[in-house]
Amino acid sequence: MEVLLVEKDHLVRDQVKVGMQQFPEFKVTCVEGYGGMNTLRQRPFDAVFLGVPDDFAEARRMIEHLRSIDRGIDLVVMAPEKAVKDMAGEKPRFDIWSILSTPIAVTDFFRLVARLRERRQQDAAGAVPDASRVQNGRFPRGALM
5 MEVLLVEKDH LVRDQVKVGM QQFPEFKVTC VEGYGGMNTL RQRPFDAVFL GVPDDFAEAR
65 RMIEHLRSID RGIDLVVMAP EKAVKDMAGE KPRFDIWSIL STPIAVTDFF RLVARLRERR
125 QQDAAGAVPD ASRVQNGRFP RGALM
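Counting in the numbering used here, the sequence shown runs from 5 upward without gaps.
Derived from the structure by calculation, the hints contain no laboratory data.
Any given hint could turn out to be false.
Calculated cross-link-like contacts (lysine-lysine; reagent style DSS-like; alpha-carbon spacing at most 25 Å) [to be verified]: (1) Lys21 to Lys31; (2) Lys12 to Lys95; (3) Lys95 to Lys21; (4) Lys89 to Lys12; (5) Lys12 to Lys86; (6) Lys86 to Lys21; (7) Lys12 to Lys31.
Every value quoted in this text rests on a predicted model; they were computed, and no experiment measured them.
Between the sequences and the hints, there should be enough to build the whole structure, so can you do that?
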């Protein structure tokens, strides 16, 4: 799973990166700011962990910029604890998958990672086989399982 980690606070960034590296399926790319978000234009990612400031207006601008690049990607917003309540009100509008408060509580982080892994496993289990497996216009036996 390719994850883009957009965070300027080195402590938070390192916590998230090291935590995700405990799972071999995660490949984390670390970037900062608006320029870093543009990495989404260059290659596909499965999820974005976006660190936002406690300034609500700036946080919204960052989320809007990210969503202007990719509307469908799973978005986890990392916000200072005092900004989490404001961000929670924006979840439906910006299709925010989850909000993680900073400083990061280890149990909350790993609970979120477990949910993300579970979601990806369910998505993979429900995936339609690719066209390269079609033989004579039909899927081979067991291809849809």
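Quick rundown of the hints versus the structure:
Proposed proximity of Lys21 and Lys31 is supported: the alpha carbons are some 9 Å apart, at most 25 Å. Of the pairs offered as hints, the one joining Lys12 and Lys95 holds, with about 22 Å between alpha carbons and a cut-off of 25 Å not exceeded. As the CA atoms of Lys95 and Lys21 are separated by approximately 24 Å, the hinted pair is consistent with the 25 Å bound. Between Lys89 and Lys12, the direct Cα distance comes to roughly 21 Å. Compliance with the 25 Å bound is thereby established for this hinted pair.
Between Lys12 and Lys86, the direct Cα distance comes to roughly 18 Å. Compliance with the 25 Å bound is thereby established for this hinted pair. Distance restraint check for Lys86 and Lys21: the Cα-Cα separation of roughly 23 Å lies within the 25 Å cut-off, and the hinted pair is therefore satisfied. With a CA separation close to 19 Å, the supplied pair Lys12 and Lys31 stays within the 25 Å bound.
Violated hints for the displayed structure: none, as all numbered hints are satisfied.
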